[in-house]
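Peer 1: Spelled out, the chains give:
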Amino acid sequence: MTSSPLLDATGVAKNYGAVAALRNASLSVLPGEVHALMGANGAGKSTLVKILTGAVPADSGSILIRGQSHDIRSPAQARRAGLVSVYQEPALIPDLDVASNLRLTRTPLEPFRQWVRELGVPDLDIYATARDIPLAIQRVLDLARALAIEPDVLLLDEMTAALPADLAEKVLDVVRRQSKAGRSVIFISHRFLEIAALCDRATVLRDGETVGVVDIEPGVEERIVELMLGAKMEKARAAALPSGDAVPSGSQARLGLRNLRVGTRLQDVSFDLHNGEVLGVVALEGQGQDQLFGALSGSIRPSGGTIEVDGRPVEFAHPADAVREGIAYVPGDRAEALLMQQSVQHNIALPFSASLRNWGPIDMRKERQLVGSAIERLQIDTRAQREVQRLSGGNQQKVTIARWIAADARTILCFDPTRGIDVRTKKEIYRLLRELAEQGKSVLFYTSELEEVQFVCDRAVVIFGGRVVDIFPASVADEATLTRASYGLPRDEKRDIAPTGGEASGQVNAT
Amino acid sequence: MSLGATSTTAPVPLRRRIKRFMSDRPLVPLLILLVLLVLVLQILRPGIINERWIANTIKFAIPLALLAGCQTMTMLTGGIDLSVGTVATMSAFIMATQVINHDPAVAILICMIPAVLIGLANGIGVGVFRVHPLIMTLGTSLIGIGCLQVYQRTVIATGTKVPDFLGWLGTGLTYGVPNALLLFLPVAALIIFTLRRTGFGRLLYAVGDNEKAARLSGVVYWKVIIALYIISSVLAGIVGLLYVGLIKAPSLSLVEPLVLPSVAAAVIGGTSIFGGRGGYTGTILGALILTVLTTLLTVLQMPEGARRILFGLIILLVTAAYLRIIEDR
Chain A
5 MTSSPLLDAT
15 GVAKNYGAVA
25 ALRNASLSVL
35 PGEVHALMGA
45 NGAGKSTLVK
55 ILTGAVPADS
65 GSILIRGQSH
75 DIRSPAQARR
85 AGLVSVYQEP
95 ALIPDLDVAS
105 NLRLTRTPLE
115 PFRQWVRELG
125 VPDLDIYATA
135 RDIPLAIQRV
145 LDLARALAIE
155 PDVLLLDEMT
165 AALPADLAEK
175 VLDVVRRQSK
185 AGRSVIFISH
195 RFLEIAALCD
205 RATVLRDGET
215 VGVVDIEPGV
225 EERIVELMLG
235 AKMEKARAAA
245 LPSGDAVPSG
255 SQARLGLRNL
265 RVGTRLQDVS
275 FDLHNGEVLG
285 VVALEGQGQD
295 QLFGALSGSI
305 RPSGGTIEVD
315 GRPVEFAHPA
325 DAVREGIAYV
335 PGDRAEALLM
345 QQSVQHNIAL
355 PFSASLRNWG
365 PIDMRKERQL
375 VGSAIERLQI
385 DTRAQREVQR
395 LSGGNQQKVT
405 IARWIAADAR
415 TILCFDPTRG
425 IDVRTKKEIY
435 RLLRELAEQG
445 KSVLFYTSEL
455 EEVQFVCDRA
465 VVIFGGRVVD
475 IFPASVADEA
485 TLTRASYGLP
495 RDEKRDIAPT
505 GGEASGQVNA
515 T
Chain B
-5 MSLGATSTTA
5 PVPLRRRIKR
15 FMSDRPLVPL
25 LILLVLLVLV
35 LQILRPGIIN
45 ERWIANTIKF
55 AIPLALLAGC
65 QTMTMLTGGI
75 DLSVGTVATM
85 SAFIMATQVI
95 NHDPAVAILI
105 CMIPAVLIGL
115 ANGIGVGVFR
125 VHPLIMTLGT
135 SLIGIGCLQV
145 YQRTVIATGT
155 KVPDFLGWLG
165 TGLTYGVPNA
175 LLLFLPVAAL
185 IIFTLRRTGF
195 GRLLYAVGDN
205 EKAARLSGVV
215 YWKVIIALYI
225 ISSVLAGIVG
235 LLYVGLIKAP
245 SLSLVEPLVL
255 PSVAAAVIGG
265 TSIFGGRGGY
275 TGTILGALIL
285 TVLTTLLTVL
295 QMPEGARRIL
305 FGLIILLVTA
315 AYLRIIEDR
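Chains as they are written, first to last, in my numbering: chain A, 5 to 515; chain B, -5 to 323.
Each hint should be verified, as a subset may be incorrect.
What the hints assert, rightly or not - Calculated pairs, DMTMM-like style, for lysine to aspartate or glutamate (alpha carbon to alpha carbon, straight line, at most 20 Å):
| hint | chain 1 | residue 1 | chain 2 | residue 2 |
| --- | --- | --- | --- | --- |
| 1 | B | LYS217 | A | ASP325 |
| 2 | B | LYS206 | A | GLU391 |
| 3 | B | LYS217 | B | GLU205 |
| 4 | B | LYS206 | A | GLU453 |
| 5 | B | LYS13 | A | GLU391 |
| 6 | B | LYS206 | A | ASP325 |
| 7 | B | LYS206 | A | GLU340 |
Treat the hints as calculated values from the structure; they're not laboratory data.
Let's have the full structure, built from the sequences with the hints guiding it.
Peer 2: Here it is in C-alpha cells:
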C-alpha cells in the first residue's frame, strides 16, 4: 500500500455553537481499499460523514480527492468529485416511482438495472412507487443508484443493518468487487464480524479526534475498543458502586420479558426487572432499544413473545394499559413528554385526569399537595412554572419524572433521561432513581453514557442487533466491559470465541 | 452545561416587563380594546351609550359568545367545529315545528337528538378516523342542512311557532337586564369551571398541546374527542333555541351567519387554533368586541361591502396584534 490516498481528509473540525463535534479528525483512504470508520456514540462519526458528503460545511481542515483539493459544499458537489454515499435511512422519494427517482439524480438506467440484478433483486419494476417497495429492497436500490454513477469513493453508513442475511451477503460481495476494481469504500458499521470479513483498515474516532488507524487482522477488535475508550479504560472499576450486584432472587419479577420480538428490530429479548432494582439498558444507537421501550410502554405492539407484569402475562394496546399496570414511560425527548404551554402543575397532574372516572371536578387541595411534594422531592425550580417551556432543560426533565412520582407509578421506564442536561441535575436524577429503587420501585434505565451504569444501576443488560448480548452485575459493568459487549463482543477475553479468532492485537499506525 | 440553571437577576427592560405582564394576563389588552371601541362609538355618536344600548349589545353578544364557546373548547384540542351553525339551526327549526303538535319540553328533547347525533359523528370522525376537524365538521354540517331540507318538506303544512318562554328568554328584559343572562351566566360559569377545574378540561388542553405526551400519560384520545364534540353540538343546539327566541323567525339559514364570527371571537379572545392555549373568559370578551365592532361599523353608515371589508381587516389586525402582545418568546 504505497500508492497515494484516493481520499485524504486532515485536520477536519466542526463546532455546533459551543459544542465541538469534531476537533481534529483525519481519514485517509487508499485506492482499492475498504476502510472502516469507527467510534462510540457521539465520537463524531456522523459529523465527519456529513462533512465528507457536503451535507454540512467544515469549520477547518482540508479534503483532498485524488490529490486535488475540493471544496465540497453540497451532496451534488461531492458526487461530482467522485464521492457518493448511501445513508442509513432510505433516500428514495416515497411518492415517486423508481424511474423518476433515478431521473432526479441523473442516474444512468442500464448500469442501475445491472447492479440491481447483481445485488440479488432480479425482477424490479422500475415504475413501482418507492413507497410500495419493501424497506430492505429500497436500501439495495439506494446502493445500486450509488454504484451506477461509478464513484471513486463509496460511503456506506450502516448499509447492512436493515438487510436480511442473503441480501447483506450480496452487498458485501459487491463491496469486495468495488475494491478489486481499484475503487474505495468507506464502511461504517457496528458489526465487527462484517468489518473483519471486509475491511482492510479502520480509522477510530474518539471525542471528535482520530485516535488511531489500524490494520484489520485477527484480534484487532480488542485494540479498536481500547482506542474508542481511550483513558477511560484505565480509570474504570474505580467508581463507587451502588447497592452491589445482589439480584433479588426468588422474589417475583415485577416485569418479565419472554422472547419479546418487535418487527425486525428486536429479536427474542428475555430478562426480568425486579422490584427494588434499577436495571440499566446499554446499546449503541438503533439496536432495538427504542422498540423495547415502545413495547413495554404500550406504544408499539410486539410481534411476538410475552410481557409479564407481576407474573401475569399482559397485552398493551395503548399506553393507558401500561399506566394502569403502574408502568410509566419517560421518553428521551422532553418535547415528547411535556405539555410545553401548560404549567408545571398541569404537567405533573396530567396522569390523574387521564382515566374516564377522573374527568369530573379536581380536588385542588389534594392536587396541590401531591404536586407540591413531587416538586419538592425533585427540587424543581418553579420560578417560571406558568409555562413549562420557560424552564431550563434540566428542570423540564425533572417534570417528566415528577409526574410519575406524583402518580406513584411502580415501574418507571427512563430513556436516556440525562442527555443534554447539566451535571448537577444529572446527579440529582441518579440519586432519585436510587431512592425509588430503595422504596421497592423498579426502574428500567437506558443510557447512552456508559459511566452512568455504575452510578445508578444494579445490573445492566446489553443489547446488540436486537438481541440481549449479556447481563452484567454493576460491579463488573465498567465502561470497557459495556463497550465491548455493546459491539457484540463476548464477555471474557478468551480469544477462542472472538468472532475472528487469533490472538495478536492489531498493529497501530498512530496519527 | 449548567446554562439552564443560571438565573438572571439583572433588571428587565420595561418593554419586556410589559410583555411579561400581558402574557401573564392576556385579558387586559382585550379589555382595553373593548373600552376603546366603546369610547370611539361614544365619540362618533355622542349619547348612544345608554342602558338600552348596553342591554341590546349583551343580548346579541350572548348567542355569539355561547357559539364561540363551542369553538373555544374544540380549538383547545387543535380542532374546530364548523357544524355548530347547522346544528343550532336544526334544533331551532325542529323545535319550532314539533312544538305545534307536542309539549315544548318534548319538542326540545326531540330537537336535541340531531345535535347529539352530529356531535357523535364529528367525534368519531375526528377522534377515531382522524379526519381533519375542519373537513369533518364541514361535511356533517352539509349533511345536516340537507337532512333539514328534507325534513322541511315533510312538515311544510305544519307551520312554525316560537314558544313564548323562548321569546322571553331571547329578547326580554327584567329591570333592564336581559333575561338571556339567566341562561348565559350558568352556562359560561360551567364552561369556565370545566376548563379550569375538571379533569376533562385539563385533557382538552393536554391533547391540544401535545397529543403524544397525553397518550404516554394514559390519555385515550378518541374518548376525549368524542365527548368534546358531543358537548359542543349540544351547546350549539341550545344556542339555536335561544337564537330563535331572539330572531323569532325560524329559517334554514338561521344561525349560519354566526359561525365564522364565533371562530373569530374565540381567536380574538386569545384561544390558539393550534390548541393548548386559551380560555373562555377571553372568548366572551372577543364576542363583545365583535358585537360592538358591528354596531360601530353600522353607525358609520358605510355601504355594506365596505363595512365587510373593514370588519375583516380589523379582525385580522386585532388578532395579529394581540398575538404579538401576549406571545412571550
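Peer 1: Indicate, hint by hint, whether the structure satisfies it.
Peer 2: The hints, checked one at a time:
1. B:LYS217 with A:ASP325: 14 Å, holds
2. B:LYS206 with A:GLU391: 18 Å, holds
3. B:LYS217 with B:GLU205: 13 Å, holds
4. B:LYS206 with A:GLU453: 26 Å, violated
5. B:LYS13 with A:GLU391: With a Cα-Cα distance of about 15 Å, the restraint between B:LYS13 and A:GLU391 holds, given a limit of 20 Å.
6. B:LYS206 with A:ASP325: Roughly 15 Å between the alpha carbons, so the hint for B:LYS206 and A:ASP325 holds.
7. B:LYS206 with A:GLU340: Satisfied, since the Cα-Cα distance of roughly 6 Å is no more than 20 Å.
The structure shown violates just one earlier hint, number 4.
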